[in-house]
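Asks: Below are the chains, spelled out letter by letter.
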Amino acid sequence: MNFDLSPDQEALRDGIRSLCEGRFPMKRVRNGFDHEMFGELADAGVFSLRADGFGAADAAVVFEELGRAIVPGPLVWSYLAHSHVDGVVGGLEVAGREPTWLVEHYEHLDSLVVVDDDAVLVVAQRAIEPAAPIERPLDPLTPVHRVDGLPAGEQIGDRELVASWRREGAVVSGAFLIGIAQGAAELAVAYAKERRQFDRPIGSFQAVKHLLADMVVRAEVARSAVHAAACTLDDLELGDVERAVAGAKLLAGEAAVANGKTCIQVHGGMGFTWEVDAHLFLKRAWLLDTVFGAADHHADAVAKMLPQS
Amino acid sequence: MDLRYSESDEAFRAELREWLARTLPQLDAPPARDDWDGRRRYDTDWQRRLHDAGYAGINWPLAYGGREASPTEQLVFLEETTRARAPYVGVNFVGTLHAGPTILTEGTEEQKARYLPPILRGEEVWCQGFSEPGAGSDLASLRTRAVREGDHYVVNGQKIWCSFGHVAQFGELIVRTDPDAPKHRGISWLILPMDLPGIEVRPIETVLGSSEFCEVFLDDVRVPVENLVGAENDGWRITQVTFSFERGTAFVSELMDSRRVIDDLSTVVRDPGQRRELGHLAAEFDALWALTKRNVSQAAHRGAPGNGGLMIKLAYSEARQRLGDLSLRVLDRGALDLGREMVEERVRTLNLTIAAGTSQIQRNIISERLLGLPREPQVQIA
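Listed in order, the protein sequences are those of chains A and B.
Sequential numbering from 18 applies to the first sequence in the working numbering.
Sequential numbering from 8 applies to the second sequence in the working numbering.
Chain A on its own, in the form it takes in the complex (with noise of 0.2 Å):
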């Protein structure tokens, strides 16, 4: 047993970091996602993952680190349709019927997959008429686009695939989420440290320092629940994949959100602020709490997992 990431998961994680710092800073991140980012992570290899031969775990590794730079986009429909669907893949879950559904990047896309209990379709977006922009999306990296219909579509797979995607589309957010939980720790610590109030670093006092040290434990625990569960999808012999998947989702969706709050509070006025980027990692954590299952639907279902009278 050594659940410590490989040596070659040590080097993807500092190659995809280093992409993301050279490619993919704030500056160009608050200009949201388009084509051009879209290639930039494809040649990388971040959809490609499973086809190159990559587990969960891996991919873990790879969505934490996009995760901390909150780089926008429909980067985890894009990745589990990869060896389905070619080109910018969106995604939506939808339930019985809605009177509307909210499609993300909508304008970007060449596909949307639509995937619901019994099976995953496939659809052109030039076929979705008519779609209508929210004027103002909560996560602004991450324009919404209201779809009153959806075309039938072409069903690329059945039950199956969708249990398969719903599982691992929980992980790979689930690790974007732990990586906004990590950002989002990091950028309140450099701040606590530079920021001074009553002639010190404001992160000397304990009121102050004692929420960020919530922060990272937040972040860490999280983290080991989304290993734990890309590990077991990876190997399934080693427990019970339902539970693993709905606890990571779940503690890294709270962990992000709780990190994201508290970054803007340790931002004080500033955090409340456009220009400072705090408000980006809660927004993009709220927003990924709704999909693959949201903190709540996650609790019942581990609950249910547990013994019964």
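Hints are supplied without guarantee of correctness; some may be wrong.
[To be verified] List time: in silico DSS-like cross-link candidates among lysine-lysine, alpha-carbon distance up to 30 Å:
1) A:K44 with A:K300
2) A:K278 with B:K320
3) B:K320 with B:K190
4) A:K278 with A:K44
5) B:K119 with B:K190
6) A:K300 with A:K278
7) A:K210 with B:K320
8) A:K44 with A:K210
9) B:K320 with A:K321
10) A:K210 with A:K278
11) B:K190 with A:K210
12) A:K210 with A:K300
Don't read these hints as lab results, they were simulated from the structure.
Since the structure is predicted, the reported quantities are computational estimates derived from the model, not experimental observations.
For chain A, the structure is supplied; the task is to place chain B on it using the hints.
Replies: Coordinates of chain B only, in the frame set by chain A:
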């Protein structure tokens, strides 16, 4: 990332399981909670059995009677003994996990030969004499004085929270030997024979109405100079050496026990809100279990448990208390009976966020050592 145990770990597990299956039925019924003589007998008997089977001092070097097991074998040992509901380390805690490792690392060969084997054989019980009424989180401000007089230190002062003080033969005692030095530099580490004249031990009545903790009053107690461990005034550093023994296994039994509590609760919780909360706690304890495996892995492959080792106590103790809060709400008016295990458990676990470094001190450690945040200004005592 590899979560599979190695073949040799699994072989160790199989052998241990077989031994536990054979040995546990031979044990007497556990003694009553307040029967301290009985608990001493029961716990030391278990230690003796571990010793005779080659499981005592699981991580101690072979040269001192230990097994020199790897961190993952230690993890397996704790998993299997907890799963089989074997006795907990109990009164052997300070000897096997604190004083013993300290003497192992810092003691002279004579001290090691004298004190280590009886600890492993369950013949001698140790207690801790660290905290004082005026020195808790700020332990280094301790005031118990030891003055050298010929071949003895004459010790005066008061210690508190001495676990198992009333059943111990020896205490690990830290005292002030140089009152003029800065507070961390005037402390020494002594082996205190608990039968010396001038020692009075008084059990502390805790919120549970009984206790494993004592106060120890020291009135002109003459401790032989040969009982000094390490150099005079180097005691503060010596108090830290047990951390170097930590292999990430610190809360294994407690985490497994917490998961058992969750499973037990789950069979009676029906309210959807409470079930959701229970599912949440189950996810948290699953994650802490994974974090433990990460810590053990880092200890095995890098020599130390890494950052997670600084975090597990804080995260575990707070989650465990929330689990206790939920169990009281599930029991509702049934929680009025302190005799119920879950109720007693909730009360007992109040100390988790206090003992061995409060959660507030844990947060200071994480933020200062790990995140490099500036310290609060220190009040220097001249």
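Asks: It remains to establish, for every hint, whether it holds in the given structure.
Replies: A quick look at each hint next to the structure:
A threshold of 30 Å between alpha carbons decides the hint, and for K44 (chain A) with K300 (chain A) the separation of about 17 Å falls inside it, so the pair holds. Among the hinted pairs, K278 (chain A) with K320 (chain B) is consistent with the structure: their alpha-carbon atoms are about 24 Å apart, no more than 30 Å. A distance of roughly 27 Å separates the Cα atoms of K320 (chain B) and K190 (chain B); the hinted pair therefore holds under the 30 Å criterion. About 22 Å separates the Cα atoms of K278 (chain A) and K44 (chain A), which keeps this hinted pair within 30 Å; it holds.
About 28 Å separates the Cα atoms of K119 (chain B) and K190 (chain B), which keeps this hinted pair within 30 Å; it holds. This hinted pair checks out: K300 (chain A) and K278 (chain A) have alpha carbons roughly 9 Å apart, not beyond 30 Å. For the proposed pair K210 (chain A) and K320 (chain B), the alpha carbon gap of about 26 Å is at most 30 Å, so the pair holds. Among the hinted pairs, K44 (chain A) with K210 (chain A) is consistent with the structure: their alpha-carbon atoms are about 23 Å apart, no more than 30 Å.
With a CA separation close to 28 Å, the supplied pair K320 (chain B) and K321 (chain A) stays within the 30 Å bound. Under the criterion of a C-alpha separation no larger than 30 Å, the hint pairing K210 (chain A) with K278 (chain A) is consistent with the structure, at around 18 Å. A threshold of 30 Å between alpha carbons decides the hint, and for K190 (chain B) with K210 (chain A) the separation of about 28 Å falls inside it, so the pair holds. Between K210 (chain A) and K300 (chain A), the direct Cα distance comes to roughly 24 Å. Compliance with the 30 Å bound is thereby established for this hinted pair.
The structure shown violates none of the earlier numbered hints.
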